[in-house]
Amino acid sequence: MRQLFILIQKEFTQIFRNPFLPKLIIVFPVMVMLVMPWVTTMDVRNVSVAIIDEDGSSLSRRITSDIRAAEYFTLNDEPTTHGEAMALLEDCEVDVILLIPKDFERDMTSIDPQKLDISANAVNATKGSLGSQYLVQTIGSTLSKYMSEQCMQQTSDFVVVQNRYNPTLNYRHLMIPALMIMLLILICGFLSAVNIVIEKENGTIEQINVTPVGRFTFILAKLIPFWLIGLFVVSVAMVVAWIVYDLTPIGSLGNIYLATILFILGFSGFGVAVANLSNNIQQTMFVMFFFIIIFMLLSGLLTPISSMPEWAQNFTIILPPRYYIEIMRAVYLKGTTFVELWHNFAALGIFVILFNTLAAITYKKQA
Amino acid sequence: MSAIKVENISKSFGKVKALDGISFDVKRGELFGLIGPDGAGKTTLFRVLATLLNPDEGGAEVDGFDIVKDYHAIRERVGYMPGRFSLYQDLTVEENLNFFAALFGVKVEDSYDLVAPIYRQIEPFKTRRAGKLSGGMKQKLALSCALIHRPSVLFLDEPTTGVDAVSRSEFWDMLADLKQRGITILVSTPYMDEASRCDRIALCNEGRILGIDTPTDIVAGFDSSLYAIKGDNMYQLLLAARKANGVRECYPFGEAHHMIADAEFDVEQFKAELVEVKGLHIEPTKPSIEDMFIKLMKQ
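Heads up: the sequence lines are chains A and B, in that order. Read the first sequence against the working numbering and you will find it ends at 367, with the numbers running on by one and no gaps. Read the second sequence against the working numbering and you will find it ends at 1299, with the numbers running on by one and no gaps.
None of these hints come from the bench; they were simulated from the model. One or more hints might be untrue.
What the hints assert, rightly or not - Here are the simulated SDA-like cross-link-like pairs (lysine to any residue), alpha carbons at most 25 Å apart as the crow flies:
| hint | chain 1 | residue 1 | chain 2 | residue 2 |
| --- | --- | --- | --- | --- |
| 1 | B | Lys1126 | A | Arg215 |
| 2 | B | Lys1138 | A | Thr204 |
| 3 | B | Lys1015 | B | Gly1064 |
| 4 | B | Lys1138 | A | Asn209 |
| 5 | A | Lys334 | A | Val32 |
| 6 | A | Lys200 | B | Ile1212 |
| 7 | A | Lys200 | B | Lys1132 |
| 8 | B | Lys1132 | A | Thr74 |
| 9 | B | Lys1298 | B | Val1163 |
| 10 | B | Lys1107 | A | Val32 |
| 11 | B | Lys1126 | A | Asn279 |
| 12 | B | Lys1017 | B | Lys1179 |
| 13 | B | Lys1132 | A | Ser278 |
| 14 | B | Lys1179 | B | Tyr1191 |
| 15 | A | Lys200 | B | Gly1211 |
| 16 | B | Lys1132 | B | Ala1116 |
| 17 | B | Lys1286 | B | Gly1211 |
| 18 | B | Lys1126 | B | Phe1085 |
| 19 | B | Lys1179 | B | Lys1132 |
| 20 | B | Lys1298 | B | Lys1179 |
| 21 | B | Lys1126 | A | Phe12 |
| 22 | B | Lys1132 | A | Ala360 |
| 23 | B | Lys1107 | A | Phe355 |
| 24 | B | Lys1107 | A | Arg215 |
| 25 | B | Lys1132 | B | Lys1069 |
| 26 | A | Lys23 | B | Lys1132 |
| 27 | B | Lys1027 | B | Gly1058 |
| 28 | B | Lys1126 | A | Gly203 |
| 29 | A | Lys200 | B | Lys1286 |
| 30 | B | Lys1126 | A | Phe5 |
| 31 | B | Lys1015 | B | Gly1039 |
| 32 | B | Lys1069 | A | Val32 |
| 33 | B | Lys1005 | A | Pro212 |
| 34 | B | Lys1069 | A | Ala360 |
| 35 | B | Lys1015 | A | Ser278 |
| 36 | B | Lys1017 | A | Ala125 |
As the list claims (entries may be wrong) - Counterexamples of contact, computed for chain B against chain A with all Cβ distances above 12 Å:
| hint | residue |
| --- | --- |
| 37 | Leu1091 |
| 38 | Cys1145 |
| 39 | Trp1172 |
| 40 | Arg1197 |
For glycine and all other residues, C-beta sits at the position ideal for the given N, C-alpha and C.
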């Protein structure tokens, strides 16, 4: 115990003396939380719309002004004919074209009403499909208002969608818990692994090994500071999310910290195993990068697991961040309780045992 | 009882045989030198004795403890100074010393009498980071840290490599002082001139020990006659001398060439044979440890 305390004290002296690390530990989570939620968004904004109004009626002007008022669109007034608009679409100046045909308002009530024509540039598939969907929604609401004002019978029922747990469909709220996980992966996995390999590279591990300090004491002393730093970083990120995005967990903080501790323990064990098997920083960095890319892209951090092909979905079962991400999102956005998430916690617990056993086995091999 | 007892130790790394059946004994309170060129296996032997590496074959005892079974006990009572500076460069001189003292569960003050002669020289720089010290000061700090827990056996792997001539001499004075206090010291060096500062030396090459004795007896064991030869064209002289009658070995040695001669060697005949070499000068010379090393190596 005494040796452990001395070693941890030494680790903290080294960390705080490092010209770079203490700043990183503060600045990194704040920066990531301030910048990333805005840029890692799937919301489509600034859809450029060209409206070719061949009708020139009060209804067509009303549609135009409603589109102009909607926050997703910017109106391109330049083209006056459909042909001009198509040319701009090809040059990517315009994303979506709306053609309001002649006599659109007059024929509204006839048996065979005129149809609106929407053409979208789908090179950027997300922007094309979401942009035209937004346009349909905007026009739909204008039309239904118009019809009810004119006491007309509505020709179609509009589907009402209610978005639960994230009512404004704010992508940021989905990303913030995920970004916290990214921070942890980098700080607890990366930094602790590199920290151990540095001792190997400098030969200082040799000097420690001839003292009566046990190997597990040594490794534990390497990891504990990063566990504490990991918890600190998550706390900072949560405070930033609360102050800047007004996002607080609906579920209990206890669940979040329990999941975080389990994840940190498991992931740092993984980092130690990688550090044990490599001889220098370069090797460690490459191996860690490889796994971190897999973890980030395959564990549902950025794209939902349910939309992956089935073999990939099966593969995600062995990725620890997957379970942690599910817990974080569920507790943060839905307020899910421990009882409902117990299998996720259990999975994280299994990974803790698995990775730390691996770390212990690989450490013995060095003699 | 001997402080270090090495019996028939072998260690291979893949196809390279770093240690090949090494055996020797070091008495208590002895200053024992391992002399040999780079790649002789000195560092591997130190790592085996410091319990960092297990031998493939053979065994060893340090201070009466087996290096494989009782490695914990050995770590409590040996000081090891690796060839490469292995203290924490981002900690200060004082912090390094306190850190290692604390790991062994001792106070710096308790061992201060032992460390003081060495540590006092670097004490003015105690708030400086270890990485910012000069080579000689690093060695002194490393030695202080290796001594902080009052070890009974000290392993020093090439402590003077990369250190200036004055610091080297000072360092050997310090070792002599530590020997006076009853500490057994096993030290390795590639410098033959340092061998004379040891009580006994082992000459090693390519994982084997060529000979073990006191420095004087090692030299006394040189049973052939040795000559120093010089000429205007040293390279021509070297080639010509190697072909001459009665010459067993001829090799460059400082500003002259040393030549090991057979019993039937005759100086006048040699001069006649090398008549084409201008400015030839030949005289008998006393063998040094290096001569003995070369002789043993060629056998």
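Right, here's what the structure says about each hint:
1. B:Lys1126 - A:Arg215: At roughly 29 Å apart (the allowed maximum being 25 Å), A:Arg215 and B:Lys1126 break the hint.
2. B:Lys1138 - A:Thr204: 14 Å, holds
3. B:Lys1015 - B:Gly1064: Violated - the C-alpha atoms of B:Gly1064 and B:Lys1015 are around 32 Å apart, more than 25 Å.
4. B:Lys1138 - A:Asn209: 20 Å, holds
5. A:Lys334 - A:Val32: Between A:Lys334 and A:Val32 the Cα gap is close to 23 Å, so the pair holds against 25 Å.
6. A:Lys200 - B:Ile1212: 35 Å, violated
7. A:Lys200 - B:Lys1132: Given pair A:Lys200, B:Lys1132 holds - Cα atoms ~20 Å apart, limit 25 Å.
8. B:Lys1132 - A:Thr74: 61 Å, violated
9. B:Lys1298 - B:Val1163: 30 Å, violated
10. B:Lys1107 - A:Val32: Roughly 45 Å between the alpha carbons, so the hint for B:Lys1107 and A:Val32 is violated.
11. B:Lys1126 - A:Asn279: Given that 25 Å is the threshold and the Cα spacing comes to 32 Å, the pair is violated.
12. B:Lys1017 - B:Lys1179: Measuring from Cα to Cα gives roughly 33 Å; hence the hint is violated.
13. B:Lys1132 - A:Ser278: 28 Å, violated
14. B:Lys1179 - B:Tyr1191: 20 Å, holds
15. A:Lys200 - B:Gly1211: 35 Å, violated
16. B:Lys1132 - B:Ala1116: 21 Å, holds
17. B:Lys1286 - B:Gly1211: 19 Å, holds
18. B:Lys1126 - B:Phe1085: The hint holds at about 17 Å.
19. B:Lys1179 - B:Lys1132: 30 Å, violated
20. B:Lys1298 - B:Lys1179: 34 Å, violated
21. B:Lys1126 - A:Phe12: 20 Å, holds
22. B:Lys1132 - A:Ala360: 35 Å, violated
23. B:Lys1107 - A:Phe355: Not satisfied, since the Cα-Cα distance of roughly 38 Å exceeds 25 Å.
24. B:Lys1107 - A:Arg215: 23 Å, holds
25. B:Lys1132 - B:Lys1069: 39 Å, violated
26. A:Lys23 - B:Lys1132: 23 Å, holds
27. B:Lys1027 - B:Gly1058: 20 Å, holds
28. B:Lys1126 - A:Gly203: 22 Å, holds
29. A:Lys200 - B:Lys1286: 46 Å, violated
30. B:Lys1126 - A:Phe5: 23 Å, holds
31. B:Lys1015 - B:Gly1039: Judged against 25 Å, a Cα distance of about 14 Å means the pair holds.
32. B:Lys1069 - A:Val32: Roughly 52 Å separates the two Cα atoms, so the pair is violated.
33. B:Lys1005 - A:Pro212: Since the Cα atoms of B:Lys1005 and A:Pro212 sit roughly 22 Å apart, the hinted pair holds (cutoff 25 Å).
34. B:Lys1069 - A:Ala360: 21 Å, holds
35. B:Lys1015 - A:Ser278: Within the cut-off at roughly 22 Å; holds.
36. B:Lys1017 - A:Ala125: 64 Å, violated
37. Leu1091: Per Cβ check, B:Leu1091 is inside 12 Å of chain A; nearest 7 Å; violated.
38. Cys1145: At roughly 8 Å from the nearest Cβ of chain A, B:Cys1145 sits no farther out than 12 Å, so the non-interface label is violated.
39. Trp1172: Holds: least Cβ distance 23 Å, greater than 12 Å.
40. Arg1197: Given that every Cβ of chain A is farther than 12 Å from that of B:Arg1197, nearest at about 25 Å, it holds.
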